[in-house]
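Participant: Given chain G's structure and the hints, the job is docking chain E onto it.
Number of protein chains: 2
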Amino acid sequence: MRIQHSNMAATGWPECAKSLKGVILDLCGVLYDSGEGDGVAISGSAAAVKKLKESDLQLRFCTNETQATREKFVGKLQRLGFDISVSEVFPPAPAAIAVLKERGLRPHLLVHDGLLDEFDGVDKSNPNCVIIGDAAENFSYKNLNEAFTVLIGLEKPVLFSLGQGRYYKETDGLKLDVGVYMKALEYACDLKAEVIGKPSPTFFQSVLNDMGLQPHEVLMIGDDLVNDVGGAQRCGMKGVQVRTGKYRPSDEKHPTVKADGTVDNLAQAVDMILSQRLH
Amino acid sequence: MRIQHSNMAATGWPECAKSLKGVILDLCGVLYDSGEGDGVAISGSAAAVKKLKESDLQLRFCTNETQATREKFVGKLQRLGFDISVSEVFPPAPAAIAVLKERGLRPHLLVHDGLLDEFDGVDKSNPNCVIIGDAAENFSYKNLNEAFTVLIGLEKPVLFSLGQGRYYKETDGLKLDVGVYMKALEYACDLKAEVIGKPSPTFFQSVLNDMGLQPHEVLMIGDDLVNDVGGAQRCGMKGVQVRTGKYRPSDEKHPTVKADGTVDNLAQAVDMILSQRLH
Numbered sequence: 178m179r180i181q182h183s184n185m186a187a188t189g190w191p192e193c194a195k196s197l198k199g200v201i202l203d204l205c206g207v208l209y210d211s212g213e214g215d216g217v218a219i220s221g222s223a224a225a226v227k228k229l230k231e232s233d234l235q236l237r238f239c240t241n242e243t244q245a246t247r248e249k250f251v252g253k254l255q256r257l258g259f260d261i262s263v264s265e266v267f268p269p270a271p272a273a274i275a276v277l278k279e280r281g282l283r284p285h286l287l288v289h290d291g292l293l294d295e296f297d298g299v300d301k302s303n304p305n306c307v308i309i310g311d312a313a314e315n316f317s318y319k320n321l322n323e324a325f326t327v328l329i330g331l332e333k334p335v336l337f338s339l340g341q342g343r344y345y346k347e348t349d350g351l352k353l354d355v356g357v358y359m360k361a362l363e364y365a366c367d368l369k370a371e372v373i374g375k376p377s378p379t380f381f382q383s384v385l386n387d388m389g390l391q392p393h394e395v396l397m398i399g400d401d402l403v404n405d406v407g408g409a410q411r412c413g414m415k416g417v418q419v420r421t422g423k424y425r426p427s428d429e430k431h432p433t434v435k436a437d438g439t440v441d442n443l444a445q446a447v448d449m450i451l452s453q454r455l456h
Numbered sequence: 178m179r180i181q182h183s184n185m186a187a188t189g190w191p192e193c194a195k196s197l198k199g200v201i202l203d204l205c206g207v208l209y210d211s212g213e214g215d216g217v218a219i220s221g222s223a224a225a226v227k228k229l230k231e232s233d234l235q236l237r238f239c240t241n242e243t244q245a246t247r248e249k250f251v252g253k254l255q256r257l258g259f260d261i262s263v264s265e266v267f268p269p270a271p272a273a274i275a276v277l278k279e280r281g282l283r284p285h286l287l288v289h290d291g292l293l294d295e296f297d298g299v300d301k302s303n304p305n306c307v308i309i310g311d312a313a314e315n316f317s318y319k320n321l322n323e324a325f326t327v328l329i330g331l332e333k334p335v336l337f338s339l340g341q342g343r344y345y346k347e348t349d350g351l352k353l354d355v356g357v358y359m360k361a362l363e364y365a366c367d368l369k370a371e372v373i374g375k376p377s378p379t380f381f382q383s384v385l386n387d388m389g390l391q392p393h394e395v396l397m398i399g400d401d402l403v404n405d406v407g408g409a410q411r412c413g414m415k416g417v418q419v420r421t422g423k424y425r426p427s428d429e430k431h432p433t434v435k436a437d438g439t440v441d442n443l444a445q446a447v448d449m450i451l452s453q454r455l456h
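One line per chain: the protein sequences are G and E, in this order. Taken in order, the first sequence gives residues 178 to 456; the numbers are from the working numbering. Taken in order, the second sequence gives residues 178 to 456; the numbers are from the working numbering.
Simulated from the structure, these hints should not be mistaken for lab results. Be careful, since some hints might not be right.
From the derived model, a few chain E residues whose C-beta atoms are all more than 12 Å from chain G [claimed, not checked]:
1) R247
2) S262
3) L293
Computed cross-link-like contacts, DSBU-like style, restricted to lysine-lysine with a CA-CA straight-line distance of at most 30 Å [to be verified]:
4) E:K435 - G:K369
5) E:K369 - E:K333
6) E:K249 - G:K346
7) E:K435 - G:K346
8) G:K301 - E:K346
9) E:K249 - G:K319
10) E:K319 - G:K319
11) E:K435 - E:K369
12) G:K198 - G:K253
13) G:K230 - G:K198
14) E:K369 - G:K369
15) E:K278 - E:K346
16) E:K301 - G:K319
17) E:K430 - G:K435
18) E:K346 - E:K333
19) G:K333 - E:K430
20) E:K430 - G:K369
21) G:K346 - E:K333
22) G:K369 - E:K230
23) E:K346 - E:K319
24) G:K253 - E:K319
25) G:K228 - G:K195
26) G:K319 - E:K369
27) E:K319 - G:K346
28) G:K333 - E:K346
29) E:K230 - E:K435
It should be emphasised that the depicted structure is a prediction, and the values quoted were computed from it without experimental measurement. Don't be surprised by glycine CBs; every beta carbon is placed ideally from N, CA and C.
For reference, chain G alone in the conformation it holds in the complex (with noise of 0.2 Å):
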């Protein structure tokens, strides 16, 4: 008993700092909140990610932000105070992209505008497939319709829908995510959307790809219980919950997800995850 107790403190959190060789951070919720303007930083975070840099740990950015293109996107986080490069960060509309190049496939979307450009080069004519992002006020019930009177009318109906988060955060309280707009669109057109964004294991695996690291030896902090850590607990991870952004006391009473920790902020965790590779 005793041997089988050590053995799993050894893989637990925070112990399994120790054998790290990256860490992927989400970024609303965790490194600042979003709302009017930039949004604001979250205490600590700006600090925390620095530490991180300083270390040996690789560290990359794996985002459900479909709101701006990933150029803009970053220098908001700039601006917040924050040391990050476009290459650095994950977001999905640019792996989308990707697929509909592979697939021959022309998109209607019905996205933020902000991120509209991202699509600059991309064929909309004659759509055969939708896809749709965190839209916001772009939600409209005309604008619903249109996406779904394009997929009803065709015959291999194919909706992409950039994550599946139900809510989160800004500074003015909690809005509605992208994942409770794809949920209306499969009821009404009966069919299943393709998710491109966390938690698909495909997106992870390819900033895991970006960092030439295997799953075990990389660890994923978000807000999100279920699309950061149940994610990344699927592709072979382990995934920490931070009690920042959408974070919900339930988290921790959650019927099927279960993160390796729970940690007050990033701060918290960077630091605990640094004073173990100390030892």
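Facilitator: This is chain E only, laid out in the frame that chain G set:
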């Protein structure tokens, strides 16, 4: 084998019309197509309603219409040329108000402007449930966020959906129905909505009670295979689908619901019923 065949024929469509005592009609897509203004009557349907009224069959109208109060809705039907009175029409809102009283609930409403008067006498302060109807343009991102925020703030969130339709036909195309937004909020809040309206058995039963008839004595005619035909069949009624309104050819190959009969329109259905009763 011959006896069995003969038995089956006697309870099948249209032979079953011989023993009917009542007919329930859906309204939108059977009597008229909705759209700008009052919409347009479907050819032959006003005459068909007249013939049914002149027969010895009881007649009721069972609708998931929630864009207007019952009074205004019946006024529209009369302007379209139908001889129909308020007491013959069963929509979900009055049924919902009865449920609110019974359970001491105060609703937050996400419904069409035209339905608001129906809830005039209802206490809506400090809401402890949410009611959604076919809100159409009122299904904005802002309004859906508001309904979500009420639900997620309740210890035991209760969501009532006035029907669960996927879409309906207006003169300018197909439009998303309340069921789509019900699924959206169900996913957002991880709950199951309570449906008031078709295909809820309680709702059909309230119409049968008003007629004083048993289910096997009554035929339902509608354009919605799942909510009209399937719902009525689950209550023990016969269900016939018309090829008007939201009918689609794929309905005739539906994996779980099979109409007792499929006819071109209400006029044809009524002629078949009445001609069976002559013999």
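Participant: Would you mind marking each hint as holding or not holding in the structure?
Facilitator: Hints and how they fare:
no. : hint            : verdict
1   : R247            : holds, 24 Å
2   : S262            : holds, 32 Å
3   : L293            : holds, 17 Å
4   : E:K435 - G:K369 : holds, 23 Å
5   : E:K369 - E:K333 : holds, 12 Å
6   : E:K249 - G:K346 : violated, 41 Å
7   : E:K435 - G:K346 : violated, 45 Å
8   : G:K301 - E:K346 : holds, 27 Å
9   : E:K249 - G:K319 : holds, 25 Å
10  : E:K319 - G:K319 : holds, 14 Å
11  : E:K435 - E:K369 : holds, 26 Å
12  : G:K198 - G:K253 : holds, 28 Å
13  : G:K230 - G:K198 : holds, 12 Å
14  : E:K369 - G:K369 : holds, 19 Å
15  : E:K278 - E:K346 : violated, 33 Å
16  : E:K301 - G:K319 : holds, 28 Å
17  : E:K430 - G:K435 : violated, 43 Å
18  : E:K346 - E:K333 : violated, 35 Å
19  : G:K333 - E:K430 : holds, 17 Å
20  : E:K430 - G:K369 : holds, 20 Å
21  : G:K346 - E:K333 : holds, 21 Å
22  : G:K369 - E:K230 : violated, 45 Å
23  : E:K346 - E:K319 : holds, 25 Å
24  : G:K253 - E:K319 : holds, 25 Å
25  : G:K228 - G:K195 : holds, 16 Å
26  : G:K319 - E:K369 : holds, 26 Å
27  : E:K319 - G:K346 : holds, 14 Å
28  : G:K333 - E:K346 : holds, 21 Å
29  : E:K230 - E:K435 : holds, 28 Å
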